[in-house]
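Asks: Note that the protein sequences, when read in sequence, are chains A and B.
The first sequence runs 1 to 78 under the numbering used here.
The second sequence runs 1001 to 1434 under the numbering used here.
Heads up, a few of these hints could be off.
Said to hold, decoys possible - Chain A regions said to be covered by chain B (calculated; three or more residues, Cβ under 8 Å): (1) 24-32; (2) 38-44; (3) 56-64.
Don't read these hints as lab results, they were simulated from the structure.
Yeah, the Cβ is synthetic: ideal placement off N, Cα and C, and Gly gets one too.
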Amino acid sequence: MLRERLAELVSQSCDGEISAAEALEATVPLSYLGLTSLAQMRLIDTLEREYGVEVDLGGDIAFLDSVDGLAAWVSAAR
Amino acid sequence: MISFSGTRSGRAPLTWGQRAIWDAIRRTAPDDHYFNFGRVLEVPRGARPASAAHVSRGIGLLVERHEALRTLVGPGPCQILHDRGALPVRVAAGADPAAVLAELSATAFDYEHEWPLRVALVTGGGLLSEDEVTHVVLVFCHMAADGLGAEQVVRDLRLFLLRGALPGGAPPQPLDLARWQESPGGRRQAAGAAALWEREYRRIPATMFGLPSAAEERPPIRRAALTSPAIDLAAQRLAVRHGTSTSTVLLAAVSALVAEVTGHGTVAVLPIVSNRFGRDTRTAVTTLSQEGLFVLGTGSGTARGTAFADLLAAARPAVLRAYRSGYHDPGDRERIAAETSRERGVPIHPYCCFNDMRFTERATDHDDERIRRARSETSLTWPLSQDELNCRFCVHVTDAARISVTADTRWLGTADIERYLLGLERLLVEAALR
């Protein structure tokens, strides 16, 4: 469920440039599919609100580039 | 005159965005008309013929809906929202909309007494009746809206003209934003942003352009605008190749070239950040954009030695930090600047900003030949000169093929400004063709 929800949030963050299904099946980093830095920032804002977490932008942010990375990060941060 | 009557009045501190613009206006006065900007809306075909009375009614509804358009600056400074009033409208029969726009933008607003929106209706011309409006000219005071806020006003007006009504509920208003910014949630956001400013202000060079140029012009502020289809094509190709936006490509290239020109190994640039990352603020009509802090280490200090891929890899997380630092309390930033300047014994301020003013961007790949050929279409003009500016080096991206540098010639002479812009084109084209 978490992966599906995160894929939806990825899709919303880039105004549908990537569909939720594409985000789930992606084999290249999401940034190559159209998750720009602006969309990443929207995604971060949504993650922080929806899961009550805080993203440390001073650290490694590679997790933003895949749904699996996001799911692992959210699970660990919650 | 357009009479309007909104649902509430009130008074609040300036929002962070209003405060940032207010400081910039005060530092740029008496040349502060620099911050005025406008939009021309051509009345859509489906909404014609539109009478002046009908269009005026739509504008009245907009002023009632978006409180920023009936908010003035009060003592303190603070923001004072008025519930009712009358907005002057000029009717310009058969006029050139661009000329009307330039004329309405040419003088600074009276921030305490004048509504922050100037309106002209261009009517008639050709076979049309004298009362038929063809274009609506809107000039905004930057205290009321930034580019994206103004875009929302234009979108709302267009919808009103097509449908006769404004859809949906009103977005958050400046008064509500000011109150949120003082709440625990707002202070948390401010603290996160302040931490980024503080960390960087302890280590960045004191300023980017710190050596007098010995080539001062009169008046000292000059703008060079480069029209370069080659930059557009090259930036698109680099964005596709490296999985990023053309905005990030341009910011990275601008920073790398500042490093090259100044010799600084670490470059600090202040990109204008929209601060519209939350769903609620995306459509707000107010001035939300503020400077963020983008810090990029370019290694040796020369762009040539650094592969563009490495530059972008470093730029990507730095852009996100810049975005987060953008939504800050200017009071915090002022305090941090004062503290770090005292500790380091030198005033800390990058005086180097980057404003990508595009609303949308597209990136597709282009072949070598097309990029090479485009270089012959490059041209450069000098469209602006003035006495005062609150910065030393400002890059504006107005559309994908048009980039300008507005600089204080006391720190960067006109020959160097020109060399900079042509160097930017060369850097991007060479990286794209590699």
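Asks: Each hint needs a verdict: does it hold in this structure or not?
Replies: Quick rundown of the hints versus the structure:
no., hint, verdict
1, 24-32, "holds (count 4)"
2, 38-44, "holds (count 5)"
3, 56-64, "holds (count 3)"
Violated hints for the displayed structure: none, as all numbered hints are satisfied.
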